[in-house]
Amino acid sequence: MIVGEQKTIAEIKEIIAPYSRVLVLGCGTCVKTCFAGGEDEVATLTSALRLAYNKDAKQISLEEFTVERQCEDEFIQEASAAISRNDAVLSLACGAGVQAIAKRFYKVPVLPGVNTTFIGMLEKHGLFTEECLGCGDCKLAVFGGICPIARCSKKLLNGPCGGSQNGTCEVDPETECAWQIIIERLTSLKQLDNLKKYIAPKDWRSSNAGGPRKLVREDHII
Amino acid sequence: MQPNITIFHCINTFADGNFLPVGDNVNCELNMVKLPCSGMVKDVFLLRAFESGADAVIVMACPEGECRHVEGNIRAQKRVEWTKKILDEIGLDSRRLTLVNISPGDVNSAIDAIQQTISSLADFIPNPPATVRETAVA
Ligand code: SF4
Ligand code: SF4
Numbered sequence: 001m002i003v004g005e006q007k008t009i010a011e012i013k014e015i016i017a018p019y020s021r022v023l024v025l026g027c028g029t030c031v032k033t034c035f036a037g038g039e040d041e042v043a044t045l046t047s048a049l050r051l052a053y054n055k056d057a058k059q060i061s062l063e064e065f066t067v068e069r070q071c072e073d074e075f076i077q078e079a080s081a082a083i084s085r086n087d088a089v090l091s092l093a094c095g096a097g098v099q100a101i102a103k104r105f106y107k108v109p110v111l112p113g114v115n116t117t118f119i120g121m122l123e124k125h126g127l128f129t130e131e132c133l134g135c136g137d138c139k140l141a142v143f144g145g146i147c148p149i150a151r152c153s154k155k156l157l158n159g160p161c162g163g164s165q166n167g168t169c170e171v172d173p174e175t176e177c178a179w180q181i182i183i184e185r186l187t188s189l190k191q192l193d194n195l196k197k198y199i200a201p202k203d204w205r206s207s208n209a210g211g212p213r214k215l216v217r218e219d220h221i222i
Numbered sequence: 223m224q225p226n227i228t229i230f231h232c233i234n235t236f237a238d239g240n241f242l243p244v245g246d247n248v249n250c251e252l253n254m255v256k257l258p259c260s261g262m263v264k265d266v267f268l269l270r271a272f273e274s275g276a277d278a279v280i281v282m283a284c285p286e287g288e289c290r291h292v293e294g295n296i297r298a299q300k301r302v303e304w305t306k307k308i309l310d311e312i313g314l315d316s317r318r319l320t321l322v323n324i325s326p327g328d329v330n331s332a333i334d335a336i337q338q339t340i341s342s343l344a345d346f347i348p349n350p351p352a353t354v355r356e357t358a359v360a
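The listed protein sequences derive, respectively, from chains Z and Y. Here the working numbering is used: the first residue of the first sequence is 1, the next is one more, and so on. Here the working numbering is used: the first residue of the second sequence is 223, the next is one more, and so on.
Some hints could be false.
[Claimed, not checked] Simulated crosslink set (DSS-like; lysine-lysine; CA at most 25 Å straight-line):
(1) K124(Z) with K307(Y)
(2) K7(Z) with K103(Z)
(3) K306(Y) with K7(Z)
(4) K58(Z) with K306(Y)
(5) K202(Z) with K214(Z)
(6) K7(Z) with K264(Y)
(7) K139(Z) with K155(Z)
(8) K124(Z) with K306(Y)
Derived from the structure by calculation, the hints contain no laboratory data. Bear in mind that the values here come from a model prediction, so they are computed numbers and not experimental data.
Okay, chain Y solo, but in the shape it has when bound (with noise of 0.2 Å):
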């Protein structure tokens, strides 16, 4: 099965992130999530990602000091750790939630990102458990 995979990235960065050209050489479920602005990402849509079956979710805001909104990246990298705490006391291993800042456009960047995820993701216990993703598959 293809891993899953959930990005929200703030429209400055991509205007539609469903454009990325991953290609072949990315193999992998992806779910784009556009938002206004990175600082709108919040514990909630992060954690209701994982539910829906992510095995990885990652945040791409813009560059320290690119932020149009001047601090939105800064709370995305905040709201972020704060939900990696939540996971860790879960016990589903927060490293598989990152933020990566990337500069408007840069494409390479991203998808190097997205390999990088799916290369770690061999090191986390699947999430869902097997066990839910087959009852949800039948």
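Isolated chain Z, as found in the complex (with noise of 0.2 Å):
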């Protein structure tokens, strides 16, 4: 999934400002399970700023709306009529949902309420942590399913560093050294061996570092 936290009450509402009627869309996928742009953040983040504009005595229009998810035009139809009442939109979708809004409505100035931050998992009830970096060329079968290059703060393929304590990383003790997991995962899958091969060094072609990439089905074009 993707994972994004809401921007601060302050940011949103300088990016509101020139606004007068503003349409509050959330996503009811990713950004819902991170709690940070789904139906029930939407409420509170219009509830929060309806407070903060009246303490400044100043008026706003806000409307609230959540499709199920901001990437997909079947859904994002949905808030036609919305949209088209209201000056602005704010998103509490990812960067994708954002942009989608943007290119469906030409005219409509569409803002981002949140920031997106990685591709992750939900590890427990509240914690989402980053596990892959959409590199375009996975290489987890070789690492024991763990990656070393979203997971590992140096992105070592021929690791550890030798500076792991304790199975920490040394370079945040918060965080579980990748290679200690992917040794220890391997020891027990029995393939320990695969690490005895060199890695080479990563082609980033296939990630973004090669610019925008897009993927194409012929199966599904008409």
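Put the two chains together into one complex, using the hints given.
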């Protein structure tokens, strides 16, 4: 899932300041799961903004709406009427959602209310961890299902670095050493020999470093 | 104008807080919201209470270790702390939102908490601002 975090109220107030009618638009999938932009967060943020405007004796009209996924046209359409009633959209989706709305509603300013942070998982209720960098050339089979690119602070493909202490990373003691986990897991899978091979430096052209990527599925295009 | 205080309370604290014998010594308008468990309280409910004109909001939960649903009161505490951060961000002074742990039926502690809240209100800017209040009354 995409993990994001709501921007501060001060920043959101600044972003929406030029507009008098704003639609706060949630996304009911990834950002709902990480408590940044689902229906509940739309309601909380809208209430907080109304209180803030009231306190400053300022006027604003805020409308709430949430679609299932802001990155799909089929769902975006449901918000058309609400979008047309407002001067701007404050999107609480990830960056893909913000841009999907901007693309479809060419003349409407679309503003981000969330900082999109990483591709991750729900480790436990309220804790989300980064697991994938979307590099476009997955090598998890070699590393026992643990990604050294996303989870080792130094992105070492031929680790560990030697600085790991009691299973934690020397860069940040709050982070588990990815290479400790890789070695433990490969040992239990009896695949430690995977690490005898030298892993060549990563070719980052398959990642975003090679420019914006596209995925084409000819069998789905008419 | 009397201060307006909204109380969210767990039904295990008081079956119905409307029967709290607040008497003449508590000079305020009280709105009681009963919940099956204090753990059901959410940021948006607390903020909406302020939007509806509450000067202060008190969440009354069972003492730690005594929640019938095990951790409802701990959840309530966390949600109150989270909402306090939002109030501070807005500049509304988070001290107007409190959680008090009250043993089932301990009416005196509940009334003490209300009285303390009323006396602390003098330190805060009014919510909603006077202009909004006057518009609402008119
Ligand atoms: S818009 Fe972003 S947050 Fe919403 S479903 Fe799509 S990828 Fe997930
Ligand atoms: S301690 Fe472990 S996770 Fe941290 S940089 Fe070294 S190998 Fe990577």
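Results for each hint:
1. Between K124(Z) and K307(Y) the CA atoms are separated by roughly 23 Å; this keeps the pair inside 25 Å, and the hint holds.
2. Distance check on the hinted pair: K7(Z) and K103(Z) sit about 22 Å apart at the alpha-carbon level, within 25 Å; holds.
3. For the hint pairing K306(Y) with K7(Z), the CA-to-CA distance comes to about 17 Å; that is within 25 Å, so the pair holds.
4. Restraint check for K58(Z) and K306(Y): the C-alpha separation of about 22 Å stays at or below 25 Å, so the hint holds.
5. Straight-line distance between C-alpha atoms of K202(Z) and K214(Z) comes to about 20 Å, which keeps the hinted pair within the 25 Å bound.
6. With a C-alpha separation of about 20 Å, the suggested pair K7(Z) and K264(Y) falls inside the 25 Å cut-off, and the hint holds.
7. Between K139(Z) and K155(Z) the alpha-carbon distance is near 13 Å, which keeps this suggested pair within the 25 Å criterion.
8. Restraint check for K124(Z) and K306(Y): satisfied, since their Cα atoms lie roughly 24 Å apart, inside the 25 Å limit.
In this structure, every one of the numbered hints holds.
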